[in-house]
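Sequences and hints are given; from them, build the entire structure.
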Amino acid sequence: MQAENSQTGKVPFWLDPKKRAIGYQIGTLCMVGLLAYYLVSNTIANLERQSVATGFSFLSKESSFEIGESLIPYSAASSYGRALVVGALNTLLVSFIGIILTVILGTFIGIARLSTNWLVKKIAAIYIEVLQDIPILLQLFFWYALFYEILPGPRQALNPFTGVFLCNRGLVFAIPEFGATHAYMGISFLASCIAIYLLRRWARLRQANTGQIFPVFRVSVGILFLLPFITWLVGGAPTAMSVPELKGFNFQGGVNVSPEFAALLLGLVLYTAAFVAEAVRAGIQSVSKGQREAAMSIGLKTNQVLQLVILPQALRVIIPPLTSQMLSLTKNSSLAVAIGYPDFVSVANTTMNQTGQSLEGVALIMLVYLIFSLSTSAFMNWYNKKVRLVER
Amino acid sequence: MEAYVQKKSAETLKPPVTSVGVIGWARANLFNGWLNSLLTIVTLYFLWIVVPPLIRWAFIDSVWNTSGAVCRDADGACWSIIATNFRFILFGFFPYDQQWRPLIAILILCALLFYSRNRNHWTKHLLYAWIIGLVVMGLLMRGGLFGLSSVETTQWGGLPLTLLLSVFGLTVAYPLGVILALGRQSKMPTIKWMSIIYIELIRGVPLISLLFMGSFIFPLFLPEGVNFPTILRALVAIIIFTAAYIAEVVRGGLQGMERGQYEAAESIGLNYFLTMRLIILPQALKIVIPPTVQQLISAFKDTSLVVIIALFDLLKTSQTVLSNPEWMGFSREAYIFVAILYFLGCFSMANYSRKLEKELSTEN
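If you read the protein sequences in the order shown, they are chains G and S.
The working numbering applies: residue 8 is where the first sequence begins, and numbers increase by one.
The working numbering applies: residue 57 is where the second sequence begins, and numbers increase by one.
In case anyone wonders, no lab produced these hints; they're calculated from the structure.
Treat the hints with caution; some may be incorrect.
BS3-like cross-link-like pairs, simulated, lysine-lysine; straight-line CA separation at most 25 Å [what the hints assert, rightly or not]:
1. G:K25 <-> S:K248
2. G:K26 <-> S:K64
3. S:K411 <-> S:K180
4. G:K296 <-> S:K414
5. S:K342 <-> S:K180
6. S:K411 <-> S:K342
7. G:K26 <-> S:K70
8. S:K411 <-> G:K129
9. G:K129 <-> S:K414
10. G:K128 <-> S:K411
11. G:K129 <-> G:K296
12. S:K414 <-> G:K128
13. G:K25 <-> S:K243
Here's what the structure looks like:
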């Protein structure tokens with residue numbers, strides 16, 4: 008009947024669902040557009056009145072502020088743009104190291120949570136519960152205060168091992184003096200990674216064709232350590248170390264991990280690991296007991312059961328929450344601004360205070376984090392697709 | 057032949073001492089296998105190293121009600137920092153003789169939360185009670201009516217501010233999140249894409265960038281002369297942020313609904329709004345109650361970030377005390393106190409969420 012009506016044109020347009028949908032959409036668009044117009048016009052009027060310069064030309068101006076830690080050469084004479092790049096690199100550094108440590112610690116605690124050992128199980132449970140329920144910012148403040156109040160000054164620095172000093176200026180330790188051999192070691196490390204990749208492909212092909220299993224893992228580990236080691240020997244085995252020494256009020260030489268970086272990393276890792284542990288526990292528990300029993304009944308060894316049966320299925324459950332935890336760690340690294348580690352938000356905040364261009368500053372912060380988030384989730388989606396079980 | 061038949065029942069042998077009682081339990085749970093035994097011993101040793109000095113620091117050597125100068129000579133924790141500055145940490149710069157008002161507001165909130173724990177109490181009356189409660193709380197804080205002296209929002213601080221930001225934030229963000237979730241499920245492309253862009257954009261950036269936006273850019277958005285207090289701007293940022301996360305939680309519930317529910321609603325002639333209000337949302341929102349409580353926990357913890365835009369929440373009031381020369385250097389004690397408050401709040405909510413999850417899952 009309705010079809011008949013619409014053909015004869017008797018249904019008024021406001022009762023036709025399709026036309027009504029178009030109406031709703033136009034209405035919503037208009038409302039959002041009006042709101043945007045209102046906000047933008049107000050903003051333009053306000054900016055004109057305050058005579059604040061707009062646009063991103065400030066990026067090439069001299070920043071005239073120092074940044075404590077930087078991966079690339081930077082001084083107060085550098086531009087704001089370079090300062091922001093320094094900040095972004097610092098964010099990436101702390102997130103990258105943080106994510107790796109979090110995954111390791113989280114997996115460890117998640118497995119401990121399922122241990123048959125009552126004591127270990129309870130301690131893991133308490134860890135998860137306590138760390139999850141305290142705001143990350145509070146934890147960061149706590150670790151930072153701990154570094155500052157408990158550790159002595161550089162002159163009385165704790166010296167647990169030779170070449171390692173712990174004081175309120177950070178953790179200082181000796182590293183090998185950088186030379187040409189170390190650069191070659193880096194290259195050989197990359198070469199061994201490629202070799203392992205090719206080896207894995209070859210081993211898989213051979214297994215598919217002949218059924219023979221090649222011990223890929225053990226050989227890979229061997230290649231990974233042996234090749235750089237041989238390069239080191241061939242390069243004359245340089246053993247010169249850059250040892251930190253107390254000069255004046257601070258240490259010279261070696262590597263200095265600042266208390267800000269250490270507190271940020273510690274706080275982020277301990278906090279996020281609690282959530283990762285929960286994800287790992289849920290993932291392992293999601294694999295039913297029958298799977299393990301079935302795998303054992305066809306004669307697989309314990310590590311094969313874990314590697315071929317349990318892990319592939321558990322990973323499928325673990326990876327989505329793990330991804331969101333990695334993203335939240337990256338986003339939480341922005342709290343560095345509260346304890347003075349020069350991450351992207353912190354540098355952008357200083358820039359906004361100096362130039363007064365808050366609109367551009369906030370837009371840049373959002374843009375950079377969006378890029379981080381989107382690229383992380385794109386990578387994890389790709390990985391997720393790889394480990395997903397192919398169903399019939 | 058009879059001689060071989062035992063007339064009396066044999067004496068029941070007790071199980072060996074090693075498999076019952078404390079020893080049996082320890083053998084089954086702590087020392088089953090060499091790896092576990094080793095783990096137990098290592099863990100016990102670790103606890104032995106850590107726990108006694110900690111207890112010594114926190115309880116035995118600690119001082120509880122002294123001045124800051126006395127604290128400096130004590131070996132243990134200086135809980136005096138809490139005892140002396142208790143009211144400032146909890147209520148911030150709220151006028152000292154008026155601090156009963158935020159206290160009553162907190163008590164009302166706790167009473168409402170406690171009463172709402174039981175799902176049998178979830179009726180329309182409870183909703184009215186909440187609305188009245190929230191209004192009374194706002195009135196108590198703001199004053200200016202019924203002979204209460206007016207208190208500027210810049211003087212609000214401490215625990216009431218933390219609770220206010222999280223409760224009001226979630227209350228406003230919740231309906232917004234439901235609308236966004238419905239928008240994301242919509243068949244109309246414009247609405248769907250606008251919702252997706254909003255949700256993904258907000259979930260991709262840290263809360264702190266939104267708080268910066270609230271404190272730096274929000275004033276630019278408004279016409280000249282119109283100005284909002286910082287608290288409200290922070291609240292707007294929290295609402296915008298929480299709504300995107302609520303939307304994702306609710307979407308989970310909507311996706312959990314069967315097609316049959318929509319079709320049944322359509323077949324009895326309900327339109328979209330009635331379908332949603334009477335059929336879909338009541339069921340979908342019920343499924344997502346536990347994750348919603350999780351979201352409340354997150355919102356509660358996230359309010360601590362307003363420290364960065366210089367609002368005097370619980371964390372900032374403790375830092376203010378710490379910047380006083382008398383109490384400088386006792387950060388550990390102050391932060392542990394604040395951490396305990398947060399922990400109690402989050403832990404009780406998390407427990408409640410787990411309890412609800414159990415109740416809801418047995419019903420189906």
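So, going through the hints one by one against the coordinates:
no.	hint	in the structure
1	G:K25 <-> S:K248	16 Å, holds
2	G:K26 <-> S:K64	94 Å, violated
3	S:K411 <-> S:K180	23 Å, holds
4	G:K296 <-> S:K414	22 Å, holds
5	S:K342 <-> S:K180	16 Å, holds
6	S:K411 <-> S:K342	14 Å, holds
7	G:K26 <-> S:K70	83 Å, violated
8	S:K411 <-> G:K129	20 Å, holds
9	G:K129 <-> S:K414	21 Å, holds
10	G:K128 <-> S:K411	21 Å, holds
11	G:K129 <-> G:K296	22 Å, holds
12	S:K414 <-> G:K128	22 Å, holds
13	G:K25 <-> S:K243	11 Å, holds
Checked against the numbered hints listed earlier, the structure breaks hints 2 and 7; every other hint is satisfied.
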